[in-house]
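As they're listed, the protein sequences go chains A and B. Residue 290 in my numbering sits at position 105 of the first sequence; the count goes up by one each step and never skips. Residue 342 in my numbering sits at position 15 of the second sequence; the count goes up by one each step and never skips.
Read the hints as simulated data drawn from the structure, not as lab findings. It is possible that some hints are incorrect.
[Stated by the list, open to error] Calculated pairs, SDA-like style, for lysine to any residue (alpha carbon to alpha carbon, straight line, at most 20 Å):
1. B:K363 / B:D349
2. B:K571 / A:A290
3. B:K348 / A:F214
[To be verified] Stretches of chain A that chain B covers, calculated by requiring three or more beta carbons in the stretch to come under 8 Å of a beta carbon on chain B:
4. 314-324
5. 366-376
The structure presented is a predicted model; accordingly, all values stated were derived computationally and were not measured. We put the CB at the ideal spot given by N, CA and C, even for glycine.
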Amino acid sequence: MAMSQRQMAVIKTIVFILCLLPLARLVGFAMLDQLGANPLEFITRNTGDWTLYFLCATLAVTPIRKIAGWSWLLRLRRMLGLYAFFYASLHFLTFLWFDHFFDLAEMWADVLKRPFITVGFLAFVALLPLALTSTNGMIRRLGGKRWQLLHRLIYLIVPAGVLHYYWMKAGKHDLSQPLMFAVLVGVLLLMRVWWRWFASRNALSQGR
Amino acid sequence: QKLAASLNPAYALVEKKTAYKDATTYNNFYEFGTDKADPAVMAGSLKTRPWTVVIEGEVKKPVTLDLDSLLRLAPLEERIYRLRCVEGWSMVIPWIGYSLSHLLKKVEPTGNAKYVEFITLDDKKQMPGLRSPVLDWPYVEGLRMDEAMHPLALLTFGMYGEILPNQNGAPVRMSVPWKYGFKSAKSIVKIRLTKEQPRTAWNQSAPNEYGFYSNVNPQVDHPRWSQATERRIGEDGLFTRKRKTLMFNGYPEVASMYAGMDLKKFF
Numbered sequence: 186m187a188m189s190q191r192q193m194a195v196i197k198t199i200v201f202i203l204c205l206l207p208l209a210r211l212v213g214f215a216m217l218d219q220l221g222a223n224p225l226e227f228i229t230r231n232t233g234d235w236t237l238y239f240l241c242a243t244l245a246v247t248p249i250r251k252i253a254g255w256s257w258l259l260r261l262r263r264m265l266g267l268y269a270f271f272y273a274s275l276h277f278l279t280f281l282w283f284d285h286f287f288d289l290a291e292m293w294a295d296v297l298k299r300p301f302i303t304v305g306f307l308a309f310v311a312l313l314p315l316a317l318t319s320t321n322g323m324i325r326r327l328g329g330k331r332w333q334l335l336h337r338l339i340y341l342i343v344p345a346g347v348l349h350y351y352w353m354k355a356g357k358h359d360l361s362q363p364l365m366f367a368v369l370v371g372v373l374l375l376m377r378v379w380w381r382w383f384a385s386r387n388a389l390s391q392g393r
Numbered sequence: 328q329k330l331a332a333s334l335n336p337a338y339a340l341v342e343k344k345t346a347y348k349d350a351t352t353y354n355n356f357y358e359f360g361t362d363k364a365d366p367a368v369m370a371g372s373l374k375t376r377p378w379t380v381v382i383e384g385e386v387k388k389p390v391t392l393d394l395d396s397l398l399r400l401a402p403l404e405e406r407i408y409r410l411r412c413v414e415g416w417s418m419v420i421p422w423i424g425y426s427l428s429h430l431l432k433k434v435e436p437t438g439n440a441k442y443v444e445f446i447t448l449d450d451k452k453q454m455p456g457l458r459s460p461v462l463d464w465p466y467v468e469g470l471r472m473d474e475a476m477h478p479l480a481l482l483t484f485g486m487y488g489e490i491l492p493n494q495n496g497a498p499v500r501m502s503v504p505w506k507y508g509f510k511s512a513k514s515i516v517k518i519r520l521t522k523e524q525p526r527t528a529w530n531q532s533a534p535n536e537y538g539f540y541s542n543v544n545p546q547v548d549h550p551r552w553s554q555a556t557e558r559r560i561g562e563d564g565l566f567t568r569k570r571k572t573l574m575f576n577g578y579p580e581v582a583s584m585y586a587g588m589d590l591k592k593f594f
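In isolation and in its complexed conformation, chain A is listed as follows (with noise of 0.2 Å):
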């Protein structure tokens, strides 16, 4: 299937939008007095639930677009992991000033304390430089090559969102929403793995 500039545009801008909505919920909730009894908690969660959406979308339109042959997916492939480091920027923030009221010792202490914080923390700071690269400019100045090694780095930033989740809920013993996100990544990962090992056979039959 293939698109035209025009129905791209359109498609782009519906996807935009669809992509506000979660914050458009939460900022609604919050005038409406809906956060339920602790919003501290009901922010924090809801950030971090759609980060993980998020990351897993961006990590699905590879496997979609060949299983469908939908080529035009990759071009929001872009506009999807911006929107993933959008709601990790609004989880981050949560953390960083309703949490610890911009006490950077204070925070400081408990991204070193808690392993699940330091996990997603790392994750944070390494989504940065993907974001940072995301413009066509920085893609030409670094160079297809070096700009894809950089942005594999994906590949170690969702298990680790996803491990931050986990241990979040490893202590209350209920992981079933967790484990769902790991076994979606894992799922998503292995196709990849399972391609490129395919890819490499062929390619060596070929040279026979």
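With chain A held as given, fit chain B onto it using these hints.
Relative to the frame of chain A, chain B by itself:
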């Protein structure tokens, strides 16, 4: 349903009470699901009458009491207590009940009674959360004998002038205000006096995180977070700093029970 009780002025905390809605919709009661919104939605299936509580173990007069006999055992008092959850939030709740010591004296503990074990109902038909193995059911909690006899330890039947809502541990629960909330067993069906320290649910599941004593202590952090501060539900909003947690949750009268104990070791 109203539950009559007169306020005990010795425990009339002058702090803003948590809104009834928050106290009844934000609950950790894993028998009805692990999300804090779950119990309010799911606990309708709990049948709180008829209800009996077995009191047995190291006692001269073991007894099984139904709810009405329990309610008549001592005059009901209203007491306003702080409730500090191990997760770092707190509430202020007007409970209704009487000191557990009234009940314990009635069954005459033997010289062997060193601990009191509280056992929560364990019925999959009424408690859907029991199907998931998040804890080794039934939920068990425990206190040392002197803690259980302390006047603050409240056998609780109501809150906010009414009988306990199901999600808050109806029809009878403990309120042990100087300890983290999970130490206060809910929907109690058995109270057993024992020689040995009871194998309590959270302590069994993660001994390095949840100690048997679990006294509120700002100096002893949970392995995964600080306990120095807390957020008062409904009061400390997003734009306020968390408040400092008080030693023994602000009940210094219990300190003498732990004199000479290393509270970092016996956390």
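Hint-by-hint comparison with the structure:
1. Among the hinted pairs, K363 (chain B) with D349 (chain B) is consistent with the structure: their alpha-carbon atoms are about 11 Å apart, no more than 20 Å.
2. The straight-line distance between the Cα atoms of K571 (chain B) and A290 (chain A) is roughly 17 Å, inside the 20 Å bound, and the hint therefore holds.
3. Taken as a hint, the K348 (chain B) and F214 (chain A) pair is honoured in the structure, with Cα atoms around 17 Å apart against an allowance of 20 Å.
4. Coverage of a stretch by a chain is defined here by at least three residues with a beta carbon nearer than 8 Å to that chain's beta carbons; for the stretch 314-324 of chain A and chain B the count is 0, and the condition is violated.
5. Only residues whose beta carbon comes within less than 8 Å of a beta carbon in chain B count, and the stretch 366-376 of chain A has 0; fewer than three means the coverage is violated.
Comparing the model with each numbered hint stated earlier shows that hints 4, 5 do not hold.
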